[in-house]
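Peer 1: Throw the hints in and build the complete structure from the sequences for me.
These are the residues of each chain, in order.
2 protein chains.
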Amino acid sequence: MNETDPLVVFTPSGKRGRFPKGTPVLTAARQLGVDLDSVCGGRGICSKCQITPGYGEFSKHGVTVREGALSEWNAVEERYDQKRGLKAGRRLGCQAQVMSDIVIDVPPESQVHKQVVRKAASARVIQMDPATRLYFVEVDEPDMHEPTGDLERLERALREQWEIAEITADLTLLAKLQPVLRKGKFRVTVALHKSHLDPVPRVIEIWPGLHESGLYGLAIDLGSTTVAAHLTDLESGEVKASSGIMNPQIRFGEDLMSRVSYAMMNPGGDQEMTRAVREAINTLAEEIAKEAEIDPSLIVETVFVCNPVMHHLLLGIDPVELGQAPFALATSDSMALEARELELSAINTRARVYVLPCIAGHVGADCAAVALSEEPGKSEDLALIVDVGTNAEILLGDKSRVLACSSPTGPAFEGAQISSGQRAAPGAIEAIRIDPETKEPRFRVIGSDKWSDEEGFAEEVGPGGITGICGSGIIEAVAELRMAGLMDESGLIGSAEATGTARMVPEGRTHSYLVHDATAEGGPRITVTQGDIRAIQLAKSALYAGARLLMDQRGVDKVDRVVLAGAFGAHISAKHAMVLGMIPDVPLDKVTSAGNAAGTGARIALCNVGARREIERVVREITKVETAIEPKFQEHFVAANAIPHKTDPFLELAKVAPLPNPSFNTGGGDEGGRRRRRRG
Amino acid sequence: MNETDPLVVFTPSGKRGRFPKGTPVLTAARQLGVDLDSVCGGRGICSKCQITPGYGEFSKHGVTVREGALSEWNAVEERYDQKRGLKAGRRLGCQAQVMSDIVIDVPPESQVHKQVVRKAASARVIQMDPATRLYFVEVDEPDMHEPTGDLERLERALREQWEIAEITADLTLLAKLQPVLRKGKFRVTVALHKSHLDPVPRVIEIWPGLHESGLYGLAIDLGSTTVAAHLTDLESGEVKASSGIMNPQIRFGEDLMSRVSYAMMNPGGDQEMTRAVREAINTLAEEIAKEAEIDPSLIVETVFVCNPVMHHLLLGIDPVELGQAPFALATSDSMALEARELELSAINTRARVYVLPCIAGHVGADCAAVALSEEPGKSEDLALIVDVGTNAEILLGDKSRVLACSSPTGPAFEGAQISSGQRAAPGAIEAIRIDPETKEPRFRVIGSDKWSDEEGFAEEVGPGGITGICGSGIIEAVAELRMAGLMDESGLIGSAEATGTARMVPEGRTHSYLVHDATAEGGPRITVTQGDIRAIQLAKSALYAGARLLMDQRGVDKVDRVVLAGAFGAHISAKHAMVLGMIPDVPLDKVTSAGNAAGTGARIALCNVGARREIERVVREITKVETAIEPKFQEHFVAANAIPHKTDPFLELAKVAPLPNPSFNTGGGDEGGRRRRRRG
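Quick note, the sequences are listed as chains A and B, same order.
Counting from 1, one number per residue, gives the positions in the first sequence under UniProt numbering.
Counting from 1, one number per residue, gives the positions in the second sequence under UniProt numbering.
There could be a bad hint or two in this list.
Each pair may be met inside one copy or between any two copies, as identical chains are not told apart.
Pairs of lysine to aspartate or glutamate, DMTMM-like flavour, derived with a Cα cap of 25 angstroms [as the list claims (entries may be wrong)]:
hint	residue 1	residue 2
1	Lys87	Asp648
2	Lys632	Glu146
3	Lys646	Asp101
4	Lys185	Asp333
5	Lys83	Glu279
6	Lys439	Glu521
7	Lys83	Glu235
Keep in mind that the hints were calculated from the coordinates and are not lab data.
Peer 2: This is the structure:
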């Protein structure tokens, strides 16, 4: 570098340096450590290294850029532009040479470590740093006088052209290596996978010539009830398709413990469940690739997050030890596997699988994924994060310390074990309001934006378009019953006489609230029964008790904010959740939704290999709390049975939703009920 | 350590040091780096650490050992002695404590790195240092308050009890980890595999409690014609059983090139051959385990040596590139694989497989194994090593440099393509002598030590007990015909008239030599035909031409010694081989046999993990010579067609076996023949 050499300033990095006239921009970028992509290694064929030169006065950088600061368009750029079209103002960084002082912008799509905004609602971004990347190389042809294997010559090419010291490849790759090299006339693109768990870069795939059809990964959130996958472009970070499928293990038991029991009672039952879930994942992978119109063999990575029982069943490990104290995991650390070890035949046979670490015997890799996505350990204020599912994972923490536990909420929050319950699908009631005066309901169903009392609702939903009530709907319904004075603090539903509305219908010795009756048209009759209330009470008590247990361990009786995660966390109304007493009392604006945080955590681990190491470290430092053996859990659980709570004051809630205080106990022996009646 | 502490001297190592009174002998040995085995880690249960204390005056060591220099027998030793019996004078090193100055002998069976004499005929020893070893550990039981996986606690136990920093395990091991740990009450033995290619120790197997049924490996020499295996005890180095099986690929082609052609002509033919050979290896593994009466799942390692075509077919790689210049290997480096990658289902599913490196497209891992066994690179004099098989591997070298090539001899030396040929099995004529006066033959067959003219031969061999002629037999027969003057230098067999013996029988336009006629008793008629001579001539010319090519490259026209390797190398008579002109002319006592050197090389790599790194280094340094493209090869081949040779003098041979010089050419246009006839 010489003081008279042209100055090159890169934006947005601000990196700068002087380079001899004629230096290609890509070379300058590499020498300065500027993040400028290239798959072909500067051969002018991949077009990944596009840059935008800036001309004129750049006072910020102290540079004046004259016309001719870059070399003229060359034949390579002409050809590329004719064939594919180069955006106006763009140049190929490997072709354009520095002629005089120049400011060069690297657009996001030319950055390897580009940042991808996770979703519109969130400020969080994912920094792209995938474990698997493409490299175009020119391999020496075999020479009888210096005999070496094709693999060894490929390795040499990667060393010389990409500074990759060594590689490894399995037998299935070796079997195709020779024909592909010859088809590509010894110019090939390889997909190399490298991570801290696979320190020697591994050839996952090889294509003749320049491979331009992309590289994909699956982030899979394997839940007890549903399996959700995001198909992600490993270069851009873009989610090409998202899809879900029911977990077929449901036929062996709805919740985790019933599946563990199935494995205990039926020899080979664990293997049956393993086969079932692996098949489902293959189906899901096929469907999602079809939806995104990509070749499934381009899926070269998969990341799994799941609870410990799903984790073991996915891996082919009998979960029996997870069904009894001390809830010992076979392995708790993260894992690097091959797709074929999990019989994932739908994707590339050499695809790498990363499974996030489990936190404890009841707190799985899904909770670790939530921690990766929500980062409680970086929070300034004390955050409570609850991932609501068949099992709830709960994290409490801030910068000083993070605690975690899980709580067996059961499937009620997902609409299961609810008389009119169904999963969140078109036709399900997802929101409901009960008029405190008339006690009449109005509701919204999935698939329409209109409320049931709005004009055009019937037309939009159509006859028979209301099919049941999903998780968020049942939570709102119970909370609304409480707010409308139709259900008392103990969860007892009032009779038509006691409440003065014919919506209350007797059902055996208890009462139900009639939400919607379409029996006249052959449709369903949707009610909220006393049994539904009890199921929701059990679920919400478990959730609240888990949160309280962490708060005890942390030595606090309130938290600063609450994050609702989980597929349906996004759909829960904060106010209704608080009326129900699912979550501790905080100002309503301190309750936020993180959407499917576990799935997002999986996506982060898929797109950024450094995040894997990060979550492994975080998990080691999390304080694990076991709800099953903590005597106070039972105490908290009983106290949380009342709606919203028997003893905790819920002062913030009282500001926004003062609750009536009826009692519908007719002397069935409930002491609290009697007392309330006397009071009322 | 204190100057007044007792002095402990270990033999045979001579290592010595002072230790506080009460130090267990095993502890002292470990601190001094003395090679004293222990699987249980000093818990008094494995008995691997047996030592023999010496008492009295040891002037060599300057030590007088008094009675009581070791602590009294303790209860653990008493119990062990009652249960299993301890040899007289032996103590358990982990139990016996140092009380005063002592000399302690570590018997070979208590050494990890014991030396195993390879075979009686050889001074070479194998130093035991296997990649897979047993470790007994006590694992912490799971604790809900500090939840970690069972694998992570096993890892911790190995770290704390054996200083093994980290381990890995595959899903099949994980699937059995929890039940085995519980069955063993968290005391288990693990077989850990570690090598330079598998740097993180891998759990291959786990047993509850102390595993005492041993650990085994297979050294497999995968030849074109036969597959030979040695089942080896990985602790003692002892060969428990050796067995062979025909390579079923023979049905796709007898020699390598015909198999490559089969793969080229038949889509999927390579996969067919891969399946066939893998099945054969499974059968062989089952049989050999049965023969040795061991559980095949105790076979935790396998080492393969083979030529490049067998190598590729074993690995599932289409060998098509090996059938044409430039003979590119898919991979040439050594490989570490899992048994299941090769579908080796007969042995432990997690067994590790090591495949030696190939030297070049025509010079395989079998030749590398010969180099490992015979170590030409350490030879003071210039050694020519020929491994005779369907393909001959040839090494020439000394300390300064080693060269290697292969030569396509075809299967004639193995008794194939010979009219009365058969493989070396009972009933095959393996040695033959022809009386130079009477021209009558006498011979020996495999299965009997008697010559056919000795008393009792007929009784021992029995009627129909002579079935054919094997490789070493045909070599001797051809050489004997030459020495008896029944065949001329050009390889032409004389007629009954020309030779004066009725043993010469016409066969079409040529003649055969009748060795044995049992047709009267319904047995075979064994002759040496003109066609047999031609087949042997082709084979020996190829072999000789290969050797000469290496000598050219090295710039010499003679070698100091010749080593005959290969399964049948042991059975070849040096004199007959030289009469035939198979090998260059050296004094007869400079021709030695190395037996199955490739198989021995495989055994060395199996027993000593350092030898793997060594042969990888050696192979990189070998000068590879490609016979197929070397114009001089053809020249040497033609010149070597004469028996022993057209131009090379064979002066050493002349000293021990002066050859008559008839000519039986009757004017069929052979110019050389005519000239010889004029001369004769």
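Peer 1: Are the hints correct? Go through all of them and say.
Peer 2: The hints, checked one at a time:
Proximity of Lys87 to Asp648 under the C-alpha cut-off of 25 angstroms is found in neither arrangement, the shortest distances being 62 angstroms within a copy and 75 angstroms between copies. In this homomeric assembly, Lys632 and Glu146 come within 25 angstroms of each other (Cα to Cα) only across copies, at 19 angstroms, whereas the closest approach inside a single copy is 74 angstroms. When the C-alpha separation of Lys646 and Asp101 is checked against a cutoff of 25 angstroms, the pair qualifies neither within a copy, at 73 angstroms, nor between copies, at 78 angstroms. In the homo-oligomer, the alpha carbons of Lys185 and Asp333 lie at most 25 angstroms apart only across protomers (23 angstroms), although the nearest pairing inside one protomer, at 43 angstroms, exceeds that limit.
Taking the shortest Cα distances, Lys83 and Glu279 never come within 25 angstroms of each other, neither inside one copy (42 angstroms) nor across copies (52 angstroms). Only within a single protomer do Lys439 and Glu521 lie at most 25 angstroms apart by alpha-carbon distance; the minimum there is 24 angstroms, versus 113 angstroms between protomers. For the identical chains of this complex, Lys83 and Glu235 are intra-copy neighbours only, at 22 angstroms inside a copy versus 66 angstroms across copies, given an alpha-carbon limit of 25 angstroms.
Checked against the numbered hints given earlier, the structure breaks hints 1, 3, 5 and satisfies all the rest.
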